[in-house]
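Following the hints, position chain U against chain G.
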Amino acid sequence: MNFEISKEPINIQSVIDKVIQREAGAITTFIGTVRELTYGKKTLFLEYQAYEAMAVKKLEQIGREIEERWPGAKSAITHRVGRLDITDVAVVIAVSTPHRADAYDANRHAIERIKEIVPIWKKEHWEDGEEWIGNQKETLAYPGGKPEGKDLNE
Amino acid sequence: MNKIMFFAHLRDAAGEFINMEAAGKTVAQLKAEVAEKYSLQNIETVMTAINEEFAGNEEIIQDGDVIAFIPPVSGG
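As you go down the protein sequences, you meet chains G and U in turn. Counting from 73, one number per residue, gives the positions in the first sequence under this note's numbering. Counting from 614, one number per residue, gives the positions in the second sequence under this note's numbering.
None of these hints come from the bench; they were simulated from the model. One or more hints might be untrue.
Per label pair, the in silico range of CB-to-CB distance [claimed, not checked]: (1) Pro143(G) to Ser652(U): 43 to 53 Å; (2) Asp625(U) to Arg172(G): 42 to 52 Å; (3) Arg180(G) to Glu666(U): 17 to 27 Å; (4) Arg172(G) to Gly677(U): 27 to 37 Å; (5) Lys187(G) to Asp625(U): 38 to 48 Å; (6) Glu95(G) to Ile631(U): 23 to 33 Å; (7) Ala645(U) to Pro170(G): 48 to 58 Å; (8) Gln93(G) to Asp625(U): 36 to 46 Å; (9) Gln93(G) to Ala641(U): 39 to 49 Å.
Quick caveat: nothing in here was measured; it's all calculated off a predicted structure. C-beta: ideal position from N, C-alpha, C; glycine also.
Next up, chain G with everything else stripped away, as it sits in the complex:
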């Protein structure tokens, strides 16, 4: 299972181990963590919710996109759900490729796509309230009611 949603803390090394291959000359690892301050506002903790079955499918789709665009690449992604405290690890993405430039590019692709098409949401809890966050990338204007073109099929 290279693409997972986890209710437990993510073991970073276990995600990296999934992409080890003899053909690889590089593995890049992205670790998304819970930030305390966003534009000066202090977060107490976060809550992540996922539509798990669909989220796993969409993570798998991102994995296929990476294999098609960067031949020889292998990827693995685990995203955490539930309550997370400041500095906790929310997502780990590992990508291995024959050459290092591709490993960086493909890893970047994965996190950007997570923010577009994977049904996972975070709720910020502050001292003075709480709110579900959306529209991080300001890509919410889907006139047809869904992601179009490359978002669906890439």
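Using the frame of chain G, we list chain U on its own:
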């Protein structure tokens, strides 16, 4: 019968899911109906999935389809 699932702020307003007859309706019709019934906010920014795949507003819902309303995502 159809299962309609809610997430994020929609879940806070409407609960985890409801069961209702939605066969024959378009996604847009169902969305408008449910939004009014549960006073859902920002429904125009909400995407829809049918059986775990994104679906357009004009798609017709079939009996047994699982529908999910997907607010703008914020993972990562």
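We went through each hint and held it up to the structure:
1. Against the hinted window of 43 to 53 Å, the Cβ-Cβ separation of Pro143(G) and Ser652(U) comes to about 50 Å, which satisfies the hint.
2. Separation of Asp625(U) from Arg172(G) is about 44 Å and conforms to the stated range, judged on CB atoms against 42 to 52 Å.
3. A hinted range of 17 to 27 Å for the beta carbons of Arg180(G) and Glu666(U) is consistent with their spacing of about 25 Å.
4. The given range of 27 to 37 Å is broken by Arg172(G) and Gly677(U), whose C-beta atoms sit roughly 48 Å from each other.
5. Our hint of 38 to 48 Å for Lys187(G) and Asp625(U) is violated, since their Cβ atoms are close to 22 Å apart.
6. Taking the beta carbon of each, Glu95(G) and Ile631(U) are about 49 Å apart, not inside 23 to 33 Å as hinted.
7. Range check, Ala645(U) to Pro170(G): Cβ separation about 51 Å, and the 48 to 58 Å hint holds.
8. In this structure the hint that Gln93(G) and Asp625(U) lie 36 to 46 Å apart at CB holds, the actual value being about 43 Å.
9. A C-beta distance of roughly 46 Å is found between Gln93(G) and Ala641(U), which places it inside the suggested range of 39 to 49 Å.
Hints 4, 5 and 6 from the earlier list are contradicted by this structure; the remaining hints agree with it.
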